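Going by this note's numbering, the sequence shown opens with residue 922, and the numbers climb by one from there.
Below, a list of computed lysine-lysine pairs in the BS3-like style, where the Cα atoms sit at most 25 Å apart:
1. Lys1138 / Lys1192
2. Lys1138 / Lys1094
3. Lys1203 / Lys1094
4. Lys1138 / Lys1203
5. Lys1094 / Lys1036
6. Lys1196 / Lys1138
7. Lys1063 / Lys1192
8. Lys1094 / Lys1127
9. Lys1127 / Lys1203
10. Lys1127 / Lys1036
11. Lys1094 / Lys1196
12. Lys1203 / Lys1192
13. Lys1026 / Lys1036
14. Lys1196 / Lys1063
15. Lys1138 / Lys1127
16. Lys1094 / Lys1192
Ranges of calculated distance between the beta carbons of each label pair, as one might list FRET restraints:
17. Pro1134 / Leu1174: 36 to 44 Å
18. Glu1119 / Lys1192: 41 to 49 Å
19. Gln1211 / Trp1161: 49 to 57 Å
20. Ala1130 / Lys1203: 15 to 23 Å
21. Glu1119 / Glu1141: 24 to 32 Å
No wet-lab data here; the hints were simulated from the structure. All of these numbers come straight from a predicted model, not from anything done at the bench. Built from N, CA and C at the ideal position, the CB exists for glycine as well.
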Amino acid sequence: AAVGLCAAGAVLGVLAVVLARPGQRGSVILRSACGLVLMGLLAAIAVPNFVRARTLALQRNQALKELQTAAADLRAQTVDALTNEQTRTVDAQQLQRSLGRAADKSSGETAALLKASQRYLERMQSYQRAYAQAATNLTLTKILAAGNLEQRAQIQDRRALVQRFVDANTACKNFVQYGESTYRQELAAARISPAQTEAALNGFRKNFAVQAPLVVKIRETDDRMVRAVLGILDLFDAQWGQWHYDAAAGMVLFQDRSTADQYNAFMAEIKQAAKDQAALQKNLAAVMSQSSSKL
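Please model the complete structure; the sequences and the hints are all you need to start from.
Right, here's the structure in full:
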């Protein structure tokens, strides 16, 4: 519309010069020339600003596309980790960087919303890193290995490692259980408007409402396993000197039959919890795959 008005002004100015009477052409030409100069100045100001705004819009759109791609890659990594025993690492750094770039290319509430989401993801990653480290420590220590349990004091050291895992697992579980509340707090801290907050939470709930209960159940199977592990360590401690590890048979032998039964029951619980966890992980992978296909 603005360009059309400018063009119409230029045409009318030329017509005014052509149709003006001989005695009036001087003043008409002067006025038309002033109008054309002003239009030129407006164009000189408007065109660079328009080009800059268009460039920023294109950059923002590209950043948002990269963010969508990074989110899709993270979902694919998670599904692979849940279904492939050889793959256990999920790298969310790319998604973090994409969120940061998208926030930098955006402005107003959009930028604030993206930064709030980035902070939420950072908190989630901190809990996941602590969990992964605690789980690795349990694996490397071979927490239930009786063959290298030579001193009673080692039992207390192993209990401490298990407790660190319990704490990390509980922190992860709580974060998931109260994920929506935590995300709402991040949005409030970023001063997102109520309308935009509800829109963001509605998008958050679409996947969270289905996936979160499964994640909580997976964390609960970890709880079952570590309770059984602590039960076995307690048996080793209480029955110290009344059991030994048979390397040839690859098993722990107790002098007391009832203690052996308790040990076997704890081991059976660990195996069952691991089996239940694997089934839950497959369900979660299926849910995540379905949600990805709908995007």
